[in-house]
Structures are given as C-alpha cells and as structure tokens.
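Residue numbers (this note's numbering), protein chains in the order written: chain V, 1 to 88; chain P, 1 to 224.
Simulated from the structure, these hints should not be mistaken for laboratory data.
The beta carbon of each residue, even a glycine, is placed where N, CA and C say it ideally should be.
Possibly wrong hints are sitting among the right ones.
[To be verified] Taking CB as the label site, the calculated pair distances span: (1) P/D170 / V/A83: 51 to 57 Å; (2) V/V78 / P/P68: 24 to 30 Å; (3) V/A83 / P/E153: 38 to 44 Å; (4) V/D62 / P/E153: 22 to 28 Å; (5) P/G205 / V/A83: 54 to 60 Å; (6) V/G34 / P/A79: 55 to 61 Å; (7) P/N171 / V/G41: 24 to 30 Å; (8) V/R39 / P/D185: 29 to 35 Å; (9) P/A169 / V/G41: 30 to 36 Å; (10) P/G80 / V/P28: 51 to 57 Å; (11) P/D37 / V/E59: 27 to 33 Å; (12) P/P68 / V/D33: 49 to 55 Å.
Here is how the chains run, residue by residue.
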Amino acid sequence: MIFSATVQVTLRPGISDPAGSTIERSLPTLGFDGVTDVRVGKLVTFTISATDQAAARAEVDDMCRRFLSNPVIEDASVSLEQAAQAPA
Amino acid sequence: MTVTVGIVVFPGTNCELDVIEAVAEVGGVGRLLWHGDSSVGGVDAVVVPGGFAHGDYLRPGAIARFSPMMESVGEFARAGGPVVGICNGFQVLTEAGLLPGALQKNAGLKFRCGLADLVVASNRSVLTTECVVGETLRIPINHFEGNYTCDAETLARLHAEDRIVVRYADNPNGSIDDIAGICNDGGNVVGLMPHPERASHPLLGSADGQKLFAGLLAGADATV
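In isolation and in its complexed conformation, chain V is listed as follows (with noise of 0.2 Å):
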C-alpha cells in the first residue's frame, strides 16, 4: 500500500525560536497586533510502500526519531493518509 506522508517538524517547548520572535517582533509592524508565541518549524512530506499503516507508522516514526528531527531539540509530528490506488 502506498500512504502520504506529512511531517511536520518543530522546536520542543521551551526551547527558544529565534526565527519565530523576529517574526513576532515584525508583525506589528504591518499592522498585525495581538499575535505572540509565533514558531517556525519544517514540513516534510513524501510517499511511502508498506505493507498496511501500522508499518508505515512505525517507520516513519523511526524516520522521526533518527533523521528528520533531531529529539534534543525538536519535536516531530506525523500524519498518514493512504494516497488513491492507482487505476487498475
């Protein structure tokens, strides 16, 4: 089976997002008030072949955990979609 998957990648809470403030800080600026606690995190997506969705939880998770974000730091979330079978 092939799946969709989105992973978004972002700083741990508590770590500070230095991207994120100067974005805060920039906001008023254009007139946009009232916006805090702006974070900037990664997207990553791709397609992945296996056999049912647990197994691509489970690599994508280990993906995750060893590649795409670095667990000191950041935190990485997944979601999976079964893409459409392609026509017979």
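Put chain P on the given structure of chain V with help from the hints.
Showing chain P alone in chain V's frame:
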C-alpha cells in the same frame, strides 16, 4: 614521533586546508579523510572541520553523521582516540551523539563573524591540556547556528564532570551558560564553535589557536 591528524572532508566542508596548515605550524601532519571512505586509516587524531557539510540540509550535521567515515570516527572516539569538531564539525559530533546537546540558530538571528575572547574553563580536555584554567584565548568565530543548548540535567552533568571546555567572555550567540566548547566524559572528544585553525599565526591576528593544536598533538602522541 610525528603525529598524523586525519581531517574529515564532506561535500561542503571548507576549512580543511586551514586545519592542515595549523597542524603543520605545531609540528604535525594533516591528512584528508574523505567522508565516503570507511576507515580513519591509522591516524593519531581526527579533526572534523568547519564548513557546510551536505549543504547543512535538514539540520547542520544531520546528513554528515551517516557517512561511512563518521562510523569509523565514532569507533576511534570510543576507543579513546582524540577527536575535535570545529564549528560545523561540532554540529556533526552532536548529531552523531558523540557529544550531548545541540546547536541552534544564534539568538537574534545574527551571523557572527569576528575575533572572540574565550575563557578556558577546563584543561582536562585533549584540546586544552596546555592551557591554564581562566586564561583568555583570542579565537575567531564564524557561525549562524552556534547557540549551544541542552536540557538542565545535561548542563548539570557537564558542570559536575568538568566538561565545559571554553566559554565566551562576551556571549555572541545566546549559548546556554556562555558555552563555546564542551567535551565528552573521557575528555578525548571535544567540540567548539570558534575556529582555532584561524588563529594559528600572528599574521592572522592571533596565534592563540596554536596552544590548542599543540595540546591535541601532545594528547594524540600519548594515546598512540
């Protein structure tokens, strides 16, 4: 005996020749080690130099750590061999799990480039054996992601085990506890953001880096 220092080269590494010069300046010989090869080939010490290994894609050091050469560097380090990561090399060593913590974007998102005053915090690391605790070294910095961070437990351990090697006199990047460099528990693996190879001759504005390379060579000689 002449000490041979292996210098790991990834696609995007750009400080390897400076390290060769700095090593030669204190009487050693530098030898380049290609990231795709799988053996450090009998060198006495390893330096992972600065640059942008694999373009720093994903995160600095994230891809470099999987190269065959890094596996061999890990084995060399675990056997007690001296390994020093400079700037991008420090980022590679943290990603590889040879040193704790991580390096984040500088506070204020400023690329910092210039001479920095470093205060030696410990001389039990292989890089600082020739230094006196408390002495100041003038060494250039040149980085965007040098803001060292780790959890409170790791920081407490670094303190308790005397593993903070050098601190900034004037913190340029937001690093926790002004940390510029740390070592592993054995003291044989060191990572630092400043570039001692760029302070290897008075003509460069400072020769204070020579002391660090001299320490590395002496340490390498002792472990052979």
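Results of checking the hints against the structure:
1. The beta-carbon spacing between P/D170 and V/A83, approximately 53 Å, falls within the hinted interval of 51 to 57 Å.
2. For V/V78 paired with P/P68, a C-beta distance near 29 Å keeps the hint of 24 to 30 Å intact.
3. For the hinted restraint 38 to 44 Å between V/A83 and P/E153, the CB-CB distance of approximately 42 Å keeps it satisfied.
4. Look at V/D62 against P/E153: about 25 Å separates their beta carbons, and that is inside 22 to 28 Å.
5. About 58 Å separates the C-beta atoms of P/G205 and V/A83, a value consistent with the hinted range of 54 to 60 Å.
6. Against the hinted window of 55 to 61 Å, the Cβ-Cβ separation of V/G34 and P/A79 comes to about 57 Å, which satisfies the hint.
7. Checked against the given bound of 24 to 30 Å, the beta carbons of P/N171 and V/G41, roughly 26 Å apart, stay inside it.
8. For the pair V/R39 and P/D185, the supplied restraint of 29 to 35 Å holds, since their beta-carbon distance comes to about 34 Å.
9. Roughly 34 Å separates the CB atoms of P/A169 and V/G41, a value that falls within the hinted 30 to 36 Å.
10. As the Cβ distance of P/G80 to V/P28 is approximately 55 Å, the hint placing it in 51 to 57 Å holds.
11. The hinted range of 27 to 33 Å is satisfied by P/D37 and V/E59, whose Cβ atoms lie roughly 29 Å apart.
12. Between P/P68 and V/D33 the beta carbons are some 53 Å apart, a value that agrees with the proposed interval 49 to 55 Å.
Hint check: no violations occur; every hint is consistent with the structure.
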